[in-house]
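Participant: As a plain string of letters, each chain reads:
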Amino acid sequence: MTDIDSLDRRLERLTDADLARGLDIFRDRLGAAGAAWLQTCVRCGLCAESCHYFLADGETASIPAHKLEQVAAGFRGRFTPLGRLAPALAGARPFDRALARAWVEAAFGRCSACGRCSLNCTTGVNVAAVMRAARATLTELGLIPADLQQVVTTALETGNNMAISREDWLDTLQWIEEETQAAVGDPAARIPVDRQGANILFTVNPREPKFFPLGLQASATVFHAAGEDWTVASEGWDLTNYGLFSGNNAEAGAIARNLLDSMERLGCRTLVIGECGHGFAAARWESAEWLRQRPLFRIISFLELMESYFRQGRLRVDPARVTDRVTLHDPCNTVRQGGVSEPQRAILRRCVTDFVEMTPHGADNFCCGGGGGQLAMAEYRDKRLQAGCIKAEQIRATGARIVAAPCHNCIDQLMELNREYKLGVRIMTVAEIVSDALVLPAAAPGKESHEPAS
Amino acid sequence: MPMIDLGGRSLEVSDEGFLLNPEQWDEDLAAHLARAEEGLEALTDEHWAVIRFIRDHFEQNHGAPMVRAVCKATGLPLKRVYELFPSGPARGACKLAGLPKPDGCV
Chain A
0 MTDIDSLDRR LERLTDADLA RGLDIFRDRL GAAGAAWLQT CVRCGLCAES CHYFLADGET
60 ASIPAHKLEQ VAAGFRGRFT PLGRLAPALA GARPFDRALA RAWVEAAFGR CSACGRCSLN
120 CTTGVNVAAV MRAARATLTE LGLIPADLQQ VVTTALETGN NMAISREDWL DTLQWIEEET
180 QAAVGDPAAR IPVDRQGANI LFTVNPREPK FFPLGLQASA TVFHAAGEDW TVASEGWDLT
240 NYGLFSGNNA EAGAIARNLL DSMERLGCRT LVIGECGHGF AAARWESAEW LRQRPLFRII
300 SFLELMESYF RQGRLRVDPA RVTDRVTLHD PCNTVRQGGV SEPQRAILRR CVTDFVEMTP
360 HGADNFCCGG GGGQLAMAEY RDKRLQAGCI KAEQIRATGA RIVAAPCHNC IDQLMELNRE
420 YKLGVRIMTV AEIVSDALVL PAAAPGKESH EPAS
Chain B
0 MPMIDLGGRS LEVSDEGFLL NPEQWDEDLA AHLARAEEGL EALTDEHWAV IRFIRDHFEQ
60 NHGAPMVRAV CKATGLPLKR VYELFPSGPA RGACKLAGLP KPDGCV
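Protein sequences appear in the order of chains A and B. Per numbering that gives the first Met the number 0, the first sequence runs over residues 0 to 453. Per numbering that gives the first Met the number 0, the second sequence runs over residues 0 to 105.
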């Protein structure tokens, strides 16, 4: 296969000095806590059944402790005294081309960085963090899957990860504004662009304007119904950050900077991350670390914002409009890693008549299989869809007709699982469900749209 | 890489079923991919309008068009585009039009 050949060629080109430098990067990224994680695994095996890869394929190579061991062996071979003196005794291996290949397989091929094994680890090893450090090393050595790096590069070069031009972005916003106005029957339903000093700066995944703008329309409808003072930015509007998946902190920081620049330029009060798991984790939790700078404004998920509208009595809904059974997927980066679990549940309980949880759910839910950049790595497609069978069976067991998925990345994987495993469900964002249930305020008579979207 | 055998030709596709050499595309291949990848037994005029527009856009601009442009050019409502292609505009329509897989969350 071309991709594997290409990995071979890339491995061939590596010098011993390259490999040594790669391991230095790994050590620096881990820090003291991370180095301790490499030594604390007691091989209890609890992680095995916490991992959707292992549950799906039953292969030793998919057990998180095994993946951790591949990575730890290279570290010990160079940085622990026993590993240098008696490698066999210490479980140490030289970080050579063969081991680098094993790292690629462990960190990219069989890990979606979902963190579920860490939650179930008896000694508290943050496997996902170790895997990200391993990815940083592999990315530095040019061993990252080419398609994944391409998404990062496109974002760095064009300001968004789909190379959408400013003209196309603004044209789509105007179109969706018109569609929203027609749908709600009120010309006051606007999508304000670059409104200085707005309360909310709303950010989106480029996938929405490019291919799936109905989610954007639903979000605009919710803002209209809540009477929010909001805006989107003409530049610096992409909430995604694939630097989280590549492990390159300099590039991740440069991408994260775009949203902060928009906030500064527009002087908004709160940065709202649309329904996207990794984008939320990157902006809310990681960007301060990458940029060595604490943001001076609030960063929240759109889920938290919508839930606050309900608490404040700003949205009226009629759950009788959504009577199909609905279940909820928990994006790893929003829930397990991001700490936002209850708002989306509170929203759904208000908006639908038949809400059922998956088993397990919340922070203990399984990854859809598309996390960690898996959707961008074509070479691991079969593994990704196989690992997704755990999620597919969870969904099937609920008997739901609608799966609410507050993450555009998860939505793509769930759409594929829906076809692959013949689930017969509809996949919707939470905002789309809220929008369907909304009882809209009557349009103010004689009120006209003030100005065209600029 | 997986291969498709079609009318005496062998065409290489990616692991996700996207044509590897986009210049090899023709309408026979679109019809084949529609059956194999999208479960569409026959393509209607509406399907062809979308596929041909995406193809023309790709040949002129080397990328996938905005779904906005698809709707504008074909006169189809947005919701109709999703009905026509079960996997959506990116993994569905763009694949049938012989484009490489678009970058990003698709």
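Careful: at least some of the hints might be erroneous.
Stretches of chain B that chain A covers, calculated by requiring three or more beta carbons in the stretch to come under 8 Å of a beta carbon on chain A [as the list claims (entries may be wrong)]: (1) 28-35; (2) 39-51; (3) 54-66; (4) 97-103.
Among chain B residues calculated to face chain A with C-beta under 10 Å, some are [said to hold, decoys possible]: (5) W24; (6) K71; (7) K78; (8) Y81.
Bear in mind the hints are in silico, worked out from the structure with no lab data behind them. All C-beta atoms in this analysis are idealised placements derived from N, C-alpha and C, irrespective of residue type, glycine included.
Participant: Next, verify each hint and record whether it holds.
Facilitator: Going through the hints against the structure:
no.	hint	in the structure
1	28-35	violated (count 0)
2	39-51	violated (count 0)
3	54-66	holds (count 4)
4	97-103	holds (count 4)
5	W24	18 Å, violated
6	K71	8 Å, holds
7	K78	7 Å, holds
8	Y81	8 Å, holds
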